[in-house]
Amino acid sequence: MPTRTVTVGSASGLHARPAKIFVEAAAKAPVKVTIRSGDRRPVPARSMLSVLALGAKQGTEVILEAEGDGADETLDSLAALLAKDLDADHA
Amino acid sequence: MPDTVLTGIGVCPGVVAGPLLRIAAAPALPAPTTVTDVVAEAARAAAALAEVVAELERRADRAGDDTVAEVLRAEALMAGDEELRDGVRELIEAGHDAPHAIDGAFATFREAFEAAGGYLAERAADLDDLRDRAVAVLLGRPMPGVPSPGHRYVLAARDLAPADTADLDPNQVIALVTETGGPTSHTAILARALGLPAVVACPGVLAVPDGTTVLVDGATGRVATGVGDAEAEAAIEASARLTAAASALTGPGRTSDGYAVKLLANVGSAKDVAAADEAHAEGIGLFRTELLFLDRAREPGHGEQVAAYRDVFRAMAGRRVVIRTLDAGADKPLPFLNQEGEPNPALGVRGLRVARQRPEVLTTQLAAIAEARAETGADVWVMAPMVSTVAEASAFVAAAREAGLPRAGVMIEVPAAALRAADLLRVVDFLSIGTNDLSQYTFAADRMCGALADLLDPWQPALLQLVGLCGEAGRAAGKPVGVCGEAAADPRLAPVLAGLGVTSLSMSPRALPAVRAALSSRTAEDCRRLAALAVAAAGPAEARGSAG
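Protein chains in written order, with UniProt numbering: chain A, 1 to 91; chain B, 1 to 548.
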């Protein structure tokens, strides 16, 4: 299964605005994407509450997984989004 | 509900009438019910969550501020979460009803948020809010928070926090009335920013049923129910006329025949001085010093106090500034005084009484005031709050003189002090009547007790009689007697107070123009006649009526 391991780049971690941007992007993707941190259960990347509940901070490593047509492209773009500092973007 | 007149503190002038709607409280979870149709129950839960999402998105669309809109949209994403919906459906399939399934599904995420700690743990309250909204929809109740009925209304609340009002729609909300809060509360700041008539510290407002038409006067702090259309229109017009007339008037306060009543402003810090100047205040009649002491684990030092006092004195150079020493205790406990555990704080060690246990707090403050006075040209008068006896007044005056302060007075807030006004004036230079506390102690009615609001009406003849005792003593002694409670901000009461012998009125700067106009429309003889009628009246309504 296509997988990407990426380090969260946003200064405030994966919550508030960065989480919203990520979840909205995942919801628009043509394939179902999951996200997990450490050895915890993977959760849907389009679930705001699940993504927030990861409690991922800046520097936390998370793993994205997806299957099907366009999985690789989707994972690439979502991984790039996670690696950016989405808080800095705002300013 | 019978027609009532509630009185609070007017913090933003203007008169409006409209239906009162309160910020809805969070609903309690109903008793569990047995679910017979699982599919229908799941659909009911999904519809409730969808309504919460729709409402949050509507508010986001309407929000003027991008940050606010973003926060609301993030909340909509949470309420519309598919994992949440799945969790709710599973719980309903397991036999729970919709409200309990929603509560249970949110609780799972709440635990995860709390386990993550930090920022996320603080967001747990957002989940509770979303749950409360969904449960309210299921119960057919308004969602918690600021109503958005689609028509103009008067918003009532215990108090307003910035979060409540971030997306408040000024096209719907025409006035604000809160049960607690003060002239510096968020409500007051918001009202001034939006130009909405507002009344804070208005006990009893939450007992008014939703939808009741109320007449709100943001200058006098009056909130009346049972008002007819004609009466409301007349009040709104009168207010507009008064505003127009008042803004044309400047200069010192006086009756139409030239009897002077000084018009002064109440301030909490140098920040408020600009508003006092705009209103052409003749000086400061009450400089509250509590602001500097609030939320402090330790007493502010001499240097810090000097700086804060100097800022106000300098801005008022050449004019009178009546500064009140620390009024701690009761509703304003201060951490460094360790006042926890008093069984009845309003009757406890507050105001000047603190000096019995901690005399150095007073001497430090008086020394700082004296130093700030020496550096500026202001005419500084110092006064003590919560004085009951001549002995207390004498001790305070001695401490003020010792610090080098030439003018020392006391506040009249306790009936014992009002009854002995003449004796007090033998030792002090002036009196200042705090009508809010004097009402509370005269009528044995807690200022925060909404059910007793009628007893705290500043038109109560017994209160006016005590004011009259002070005024008479002042005339006899040739010494000033001021009023610095909210009663001073009521334009209709101003001539009555002047007639009772009050020589200065100190109020929130915004109320000043209307009071100036009211005084200028009466002769001194009128004022004395109205005062006699008000004191002789059977009750506050009759007293108001006699003042025509």
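Everything labelled a hint here was simulated from the structure, so no lab data went into it. Careful: at least some of the hints might be erroneous.
[Said to hold, decoys possible] Simulated coverage check for chain B against chain A, where a stretch passes if three residues somewhere in it have a Cβ under 8 Å from a Cβ of chain A:
| hint | stretch |
| --- | --- |
| 1 | 38 to 46 |
| 2 | 81 to 91 |
| 3 | 102 to 114 |
[Claimed, not checked] Beta-carbon label-pair distances, calculated as ranges:
| hint | chain 1 | residue 1 | chain 2 | residue 2 | range |
| --- | --- | --- | --- | --- | --- |
| 4 | B | Ala-207 | A | Val-31 | 54 to 64 Å |
| 5 | A | Asp-87 | B | Leu-29 | 29 to 39 Å |
| 6 | A | Arg-41 | B | Ala-46 | 38 to 48 Å |
| 7 | A | Asp-87 | B | Ala-31 | 41 to 51 Å |
| 8 | A | Asp-87 | B | Ala-230 | 30 to 40 Å |
| 9 | B | Ala-43 | A | Asp-87 | 33 to 43 Å |
| 10 | B | Thr-212 | A | Asp-87 | 20 to 30 Å |
Here a beta-carbon is modelled for each residue, glycine too, at the ideal position from N, C-alpha and C.
Cross-check of the supplied hints:
no. : hint                                : result
1   : 38 to 46                            : violated (count 0)
2   : 81 to 91                            : holds (count 4)
3   : 102 to 114                          : holds (count 3)
4   : B/Ala-207 with A/Val-31: 54 to 64 Å : holds, 57 Å
5   : A/Asp-87 with B/Leu-29: 29 to 39 Å  : holds, 37 Å
6   : A/Arg-41 with B/Ala-46: 38 to 48 Å  : violated, 24 Å
7   : A/Asp-87 with B/Ala-31: 41 to 51 Å  : holds, 45 Å
8   : A/Asp-87 with B/Ala-230: 30 to 40 Å : violated, 57 Å
9   : B/Ala-43 with A/Asp-87: 33 to 43 Å  : holds, 39 Å
10  : B/Thr-212 with A/Asp-87: 20 to 30 Å : violated, 47 Å
Hint compliance for this structure: hints 1, 6, 8 and 10 are not met, and every other hint is.
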